[in-house]
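Chemist: Sequence:
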Amino acid sequence: MKRLFILLIFFSTTVFAQESKRTFNVSGFDKLDMGSAFVITVTQASDYKVDVAGREQDLKDLVVKVSNGKLTIGYPNNWGGWKNRKEVYITITMPKLVEVDFSGASKSKVSGFTSESFDINVSGASQATFAIDAKNLSLDCSGASGVTITGDGQKLNADVSGASSINAYDFKVSTANIDASGASGAKVYVTSKIVADASGASNVRYKGGATNVVTNTSGAGSVKSAN
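Just so we're aligned: the sequence shown equals residues -17 to -1, 1 to 210 in mature numbering (1 follows the signal peptide of the UniProt record, and there is no 0).
Note that these hints are calculated values from the structure, not bench results.
Every value quoted in this text rests on a predicted model; they were computed, and no experiment measured them.
Each hint should be verified, as a subset may be incorrect.
[Unchecked claim] Cβ-Cβ distance ranges computed for the label pairs, FRET-style:
#	residue 1	residue 2	range
1	40	199	28 to 34 Å
2	197	119	45 to 51 Å
3	119	11	41 to 47 Å
4	174	42	25 to 31 Å
5	197	2	50 to 56 Å
6	194	43	56 to 62 Å
7	201	36	43 to 49 Å
8	4	192	46 to 52 Å
9	175	203	25 to 31 Å
Virtual Cβ for every residue (Gly too), placed ideally from N, Cα, C.
Construct the complete structure from the given sequences, taking the supplied hints into account.
Modeler: Given below as structure tokens:
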């Protein structure tokens, strides 16, 4: 029993020792591209800061670079990169954000940004939450992913596919164009005009009292008011 207790202490100490933190000195970006077992938190601030925390061997393999205004974080795309990755926690502050691409079973939370236009691409069984204001929001959600959006806007263009879902009941817009396919679901809040296409057991539900409703459904797809 004593030997087992000592082994447990040694194992716990070893695991704890593998945890590490790093700060990357990068700046000059307003777009994000990252995908893997990342837990991502992005908030608006006057300065740039990128902190990561996780298992040491994962942090050593991280590739962090800025190119053409885009911050990319990931692992090398080679055979040496095929490892049993653990979650890495990424915390980012930045002045302005206009585009994100999150994939690879990532979990993300983005808040505090206001922009004229904003592009969101979430894929690969990822989950993302956004609290933003954007006049024109473009959203692509695929591969069994989920996106929740709160805030204010004017126009929403959304493509949701591959058993994915978006919940934008708390993101109010005047016009929306929604394409849902592959057993996906979309919930939107539209006050004026909605154009919705639902196919393959997908559904679109809308609130907000839109008076101009254009729908196209096929298979078991449906478009209905949720008011």
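Chemist: Hint by hint, say whether it matches the structure.
Modeler: Do the hints match the structure? See the list:
Distance hint check for residue 40 and residue 199: the Cβ-Cβ separation is about 50 Å, which falls outside the suggested range of 28 to 34 Å. At about 19 Å, the CB distance of residue 197 to residue 119 disagrees with the hint of 45 to 51 Å. The hinted window of 41 to 47 Å between residue 119 and residue 11 is violated, with their beta carbons roughly 24 Å apart. Under the hint 25 to 31 Å, the C-beta atoms of residue 174 and residue 42, about 46 Å apart, miss the expected range.
As the Cβ distance of residue 197 to residue 2 is approximately 53 Å, the hint placing it in 50 to 56 Å holds. Between residue 194 and residue 43 the beta carbon distance is about 57 Å. The supplied range of 56 to 62 Å therefore holds. Residue 201 and residue 36 have their C-beta atoms about 47 Å apart, which keeps the hinted 43 to 49 Å range intact. Separation of residue 4 from residue 192 is about 49 Å and conforms to the stated range, judged on CB atoms against 46 to 52 Å.
One distance hint, 25 to 31 Å for the beta-carbon pair residue 175 and residue 203, holds here, with the actual separation near 28 Å.
Going down the numbered hints, you'll see the structure goes against 1, 2, 3 and 4, while the others check out.
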